[in-house]
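Colleague: Now for the letters of each chain:
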Amino acid sequence: MGKTLFQKVWDRHTVGILPDGSTQLFVGTHLIHEVTSPQAFGMLRDLGLKVAFPSRTFATVDHIVPTDQRTEPFRDSLADAMIKELRKNCSEFGVTFFDIPSGKQGIVHIVGPEQGITQPGTTIACGDSHTSTHGAFGAVAFGIGTSQVRDVLATQTMALSPLKVRKIEVRGKLGPGVYAKDIILHIIRTLGVNGGTGYAYEYCGSTIEGLSLEERMTICNMSIEGGARAGYVNPDEKTFEYLKGRPYCPKGKDWDTAVAEWKKFVSDADAVYDDVKIFEASEIRPTVTWGINPGQGIFIDEAIPSPEQLPEADRASAKEALEFMKFKAGEKLAGQKIQVAFFGSCTNARISDFLEASKFLKGRKVAPGIRAIAVPGSQGVSKICAEMGIDKIFREAGFDWREAGCSMCLGMNPDQLVGDEICASSSNRNFKGRQGSPTGRTLLMSPVMVVAAAVTGQVSDARQVFANS
Amino acid sequence: MLARFSQIPKSMSLSPIAQVTGRGVVVAGDDIDTDRIIPARYMRCITFDGLGEYLFRDVRQTPEGKSTNHPIDDLKYKGATILISGMNFGCGSSREHAPQAIARAGFKAVIAGGFAEIFFGNSTTLGLPCATATRKDLTALISIIQKDPTTLVKIDVQKLQVTAGSLNFPITLKASAQQGLLSGRYDAIADLLTNLPKVKELAGRIPSATAS
Chain A
2 MGKTLFQKVW
12 DRHTVGILPD
22 GSTQLFVGTH
32 LIHEVTSPQA
42 FGMLRDLGLK
52 VAFPSRTFAT
62 VDHIVPTDQR
72 TEPFRDSLAD
82 AMIKELRKNC
92 SEFGVTFFDI
102 PSGKQGIVHI
112 VGPEQGITQP
122 GTTIACGDSH
132 TSTHGAFGAV
142 AFGIGTSQVR
152 DVLATQTMAL
162 SPLKVRKIEV
172 RGKLGPGVYA
182 KDIILHIIRT
192 LGVNGGTGYA
202 YEYCGSTIEG
212 LSLEERMTIC
222 NMSIEGGARA
232 GYVNPDEKTF
242 EYLKGRPYCP
252 KGKDWDTAVA
262 EWKKFVSDAD
272 AVYDDVKIFE
282 ASEIRPTVTW
292 GINPGQGIFI
302 DEAIPSPEQL
312 PEADRASAKE
322 ALEFMKFKAG
332 EKLAGQKIQV
342 AFFGSCTNAR
352 ISDFLEASKF
362 LKGRKVAPGI
372 RAIAVPGSQG
382 VSKICAEMGI
392 DKIFREAGFD
402 WREAGCSMCL
412 GMNPDQLVGD
422 EICASSSNRN
432 FKGRQGSPTG
442 RTLLMSPVMV
452 VAAAVTGQVS
462 DARQVFANS
Chain B
60 MLARFSQIPK
70 SMSLSPIAQV
80 TGRGVVVAGD
90 DIDTDRIIPA
100 RYMRCITFDG
110 LGEYLFRDVR
120 QTPEGKSTNH
130 PIDDLKYKGA
140 TILISGMNFG
150 CGSSREHAPQ
160 AIARAGFKAV
170 IAGGFAEIFF
180 GNSTTLGLPC
190 ATATRKDLTA
200 LISIIQKDPT
210 TLVKIDVQKL
220 QVTAGSLNFP
230 ITLKASAQQG
240 LLSGRYDAIA
250 DLLTNLPKVK
260 ELAGRIPSAT
270 AS
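Respectively, the protein sequence lines represent chains A and B. In short: position in the first sequence from 1, add 1, done, that's the numbering used here. In short: position in the second sequence from 1, add 59, done, that's the numbering used here.
Treat the hints as calculated values from the structure; they're not laboratory data. In this text the structure is predicted, and so the values were computed from the model without any measurement. Hints may be right or wrong, so weigh each one.
Label-pair ranges, simulated between beta-carbon atoms [claimed, not checked]: (1) K259/B / G211/A: 41 to 47 Å; (2) E112/B / G104/A: 35 to 41 Å; (3) E332/A / S242/B: 35 to 41 Å; (4) T258/A / S74/B: 47 to 53 Å; (5) S74/B / K89/A: 29 to 35 Å; (6) K89/A / T193/B: 44 to 50 Å; (7) P102/A / S72/B: 39 to 45 Å; (8) K257/B / K89/A: 28 to 34 Å; (9) D401/A / T231/B: 35 to 41 Å; (10) S207/A / T193/B: 50 to 56 Å; (11) S225/B / K329/A: 41 to 47 Å; (12) R194/B / G246/A: 50 to 56 Å.
Part of the chain B face toward chain A, derived, beta carbon under 7 Å [unchecked claim]: (13) R95; (14) R103; (15) P122; (16) E123; (17) N147; (18) E155; (19) N181; (20) K213; (21) D215; (22) K218; (23) T222; (24) A234; (25) Q238; (26) G243; (27) P256; (28) V258.
We put the beta carbon where it would ideally sit given N, CA and C, even for glycine.
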């Protein structure tokens with residue numbers, strides 16, 4: 002009987018079974034950032050412990066960094082204390098830190114792959130739920146809490162119970178104007194925001210195979226929004242091609258050895274899955290959320306459902322969402338005025354996101370009165386966008402082009418919604434208050450749809466707005 | 060290895076948690092995410108101290124800072140130590156700040172219709188049991204508490220049962236969490252450290268990302 006990638010990686014990294022029955026799992030690569038690590042270092046100090054394998058932990062700063070004025074001290078003294086604390090911790094414990102002056106700073110889930118730190122067949126952990134992103138490379142990647150960050154720092158292991166594996170096959174050709182973001186929003190809408198609890202999602206099928214690594218990252222990134230703690234794609238030639246030559250990947254003969262090894266960590270053809278779901282790419286259309294969780298989405302040409310139309314279990318949440326969003330059942334989102342357009346986040350702030358959107362944005366202008374900001378996912382993305390003239394297209398259109406960070410995805414820095422503003426956002430969460438204002442309203446959509454909303458000032462079907470592009 | 064623990068921290072030796080008894084407070088709703096439990100802008104900190112104050116901050120206060128008379132602040136429920144909510148509690152961000160805020164606000168346990176996985180693990184590690192009940196039992200429990208907020212709710216971690224007044228119903232709890240709580244090993248750090256020699260051996264066989 003064959004094994005899934007998940008089982009193979011899990012077995013390879015198992016240290017043993019702990020007294021409570023959970024597995025002590027070795028973490029190949031540990032990523033940290035300024036929000037969820039300072040308390041973990043504090044606990045290490047309290048316990049008199051060291052970092053067991055400092056070369057396996059990499060740090061960057063992303064959540065709290067301002068994206069406009071980067072001179073230190075930051076205007077926000079709390080944010081300033083956080084970056085300084087991370088600097089101190091990395092220096093004291095011997096951890097590599099992709100700090101702002103390094104030119105390699107950015108959102109942790111964009112920096113890892115960009116540097117070639119994210120590799121197939123390994124386990125990755127980070128104190129951030131979007132760690133599932135790294136599964137795009139065939140790694141098994143877990144978001145963890147701060148006590149677990151402490152555990153990984155102190156032992157390079159953590160206590161975890163194995164997940165079941167759900168195979169999610171997406172097959173066929175995507176229609177024009179339909180992107181990876183639409184695939185994952187559709188999957189979450191269909192399987193539910195807690196449908197993945199207890200599972201790792203294995204994304205496969207011809208559609209997924211046809212996607213670039215950056216697009217696969219968008220899909221794996223949002224696994225957690227469907228309740229799945231991990232999501233992955235089996236590595237293939239595209240994976241190896243993406244990684245080849247990256248700073249932290251093996252070189253020369255070591256590269257060949259590594260690839261041969263990575264090829265062993267794919268699901269067997271006769272692997273047994275705990276569940277299988279099949280999606281047809283041709284049925285997926287541009288998707289936008291209307292509610293307060295990422296499962297509350299509709300195709301752009303659909304109407305907002307009335308709670309009575311939904312399964313009983315979803316009704317209370319739908320009612321709460323309609324009230325908060327000030328939307329009515331039966332209305333369409335298309336035509337809904339927006340005040341803010343946010344292009345960024347670990348879901349959609351990679352080079353291909355900016356490149357694709359720039360094709361449509363070129364020569365157009367952001368609608369009057371719309372606050373539009375574009376935040377590259379890393380300094381690396383920013384640099385390449387500048388080399389390609391993409392930043393110029395965004396600036397000329399009226400976007401505020403910023404420095405790398407998490408920014409308005411969660412509003413921990415000054416980039417926040419005000420009052421009940423409606424934001425067309427390429428990010429991952431539309432929770433109440435997520436973008437920094439307790440009453441702010443987030444509509445999740447693909448980057449191209451964000452650009453379409455920015456130029457029209459309202460939620461729009463990008464396929465129509467850019468019909469002649 | 061035991062000798063080592065006697066030198067290391069008291070925080071590594073924990074008391075078993077076999078039961079939690081206290082008054083309950085209901086925070087109604089499904090899919091209550093960790094951003095709701097503690098909004099990101101209150102996580103600009105380098106310790107967990109004082110996070111209890113920010114528990115459910117955005118729904119307890121209007122943007123102008125006025126109290127919304129949220130159940131957490133309702134005098135009827137003052138002193139409650141068991142938080143009761145709906146399905147998929149704690150979804151979203153992996154922030155341990157969420158269970159830290161719950162615990163630091165004085166709560167000892169959560170009963171809900173279901174829990175997001177990362178939240179569940181983070182809470183268990185802090186010794187904050189997360190008991191899952193069916194919707195029907197939750198509804199009955201909520202109605203008892205709303206009728207008489209002084210009702211004592213008892214969570215029996217051993218028998219996996221909740222008692223509240225005349226109400227009695229089964230709960231589910233992941234076996235490893237139950238085992239950890241009952242044995243006082245819910246924080247895994249001591250057990251993980253015990254196996255460090257084995258970890259070092261395994262580490263030698265697993266490649267690491269290295270700049271070359």
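Colleague: Evaluate each hint against the coordinates.
Modeller: These are the hints, each one checked on the structure:
Separation of K259/B from G211/A is about 42 Å and conforms to the stated range, judged on CB atoms against 41 to 47 Å. For E112/B and G104/A, the hinted distance range of 35 to 41 Å is satisfied, since their beta carbons lie about 39 Å from each other. A C-beta distance of roughly 54 Å is found between E332/A and S242/B, which places it outside the suggested range of 35 to 41 Å. Between T258/A and S74/B, the C-beta spacing of about 50 Å keeps the proposed range 47 to 53 Å intact.
Checked against the hint of 29 to 35 Å, the C-beta distance between S74/B and K89/A comes to roughly 34 Å, which is consistent with it. Our hint of 44 to 50 Å for K89/A and T193/B holds, since their Cβ atoms are close to 48 Å apart. Under the hint 39 to 45 Å, the C-beta atoms of P102/A and S72/B, about 43 Å apart, fit the expected range. Checking the proposed 28 to 34 Å range against K257/B and K89/A shows it holds: the Cβ atoms sit about 32 Å from each other.
Look at D401/A against T231/B: about 49 Å separates their beta carbons, and that is not inside 35 to 41 Å. Range check, S207/A to T193/B: Cβ separation about 41 Å, and the 50 to 56 Å hint is violated. At about 43 Å, the beta-carbon gap between S225/B and K329/A stays in the expected band of 41 to 47 Å. Remark: the range hint 50 to 56 Å for R194/B to G246/A is upheld by a beta-carbon distance near 54 Å.
Here the hint on R95/B is kept, as its CB sits about 6 Å from the closest CB of chain A, short of 7 Å. Hint status for R103/B: holds, given a least beta-carbon distance of 4 Å to chain A, under 7 Å. The interface hint given for P122/B holds, since its Cβ lies 5 Å from the closest Cβ of chain A, which is under the 7 Å cut-off. With its C-beta approaching chain A no nearer than about 10 Å, E123/B sits outside the 7 Å limit, and its interface hint is violated.
At a threshold of 7 Å, the smallest CB-CB gap from N147/B to chain A is about 4 Å, leaving the interface hint in force. Taking 7 Å as the C-beta cut-off, the interface hint given for E155/B holds, the closest approach to chain A being about 4 Å. With 7 Å as the threshold, the beta carbon of N181/B comes within range of chain A, its nearest partner Cβ sitting at about 4 Å, so the hint holds. About 23 Å separates the beta-carbon of K213/B from the nearest beta-carbon of chain A, more than 7 Å, and the hint is not met.
Taken as an interface hint, D215/B does not check out: its beta carbon lies about 18 Å from the nearest beta carbon of chain A, beyond 7 Å. Residue-level restraint check for K218/B is violated (minimum Cβ-Cβ distance to chain A is 18 Å; threshold 7 Å). At its closest, the beta carbon of T222/B sits 25 Å from a beta carbon of chain A; the interface hint therefore is violated under the 7 Å criterion. Here the hint on A234/B is kept, as its CB sits about 6 Å from the closest CB of chain A, short of 7 Å.
Look at Q238/B: its Cβ gets to within about 4 Å of chain A, closer than 7 Å, so that hint holds up. Given hint, G243/B at the interface with chain A, is violated; its Cβ is 11 Å from that chain's nearest Cβ, farther than 7 Å. Below 7 Å, beta-carbon pairs count as interface contacts, and P256/B has none with chain A, the closest being about 10 Å; its hint is therefore violated. This hint holds: V258/B has a C-beta 6 Å from the nearest C-beta of chain A, less than the 7 Å allowed.
Violated hints, in rising order: 3, 9, 10, 16, 20, 21, 22, 23, 26, 27; the structure is consistent with all others.
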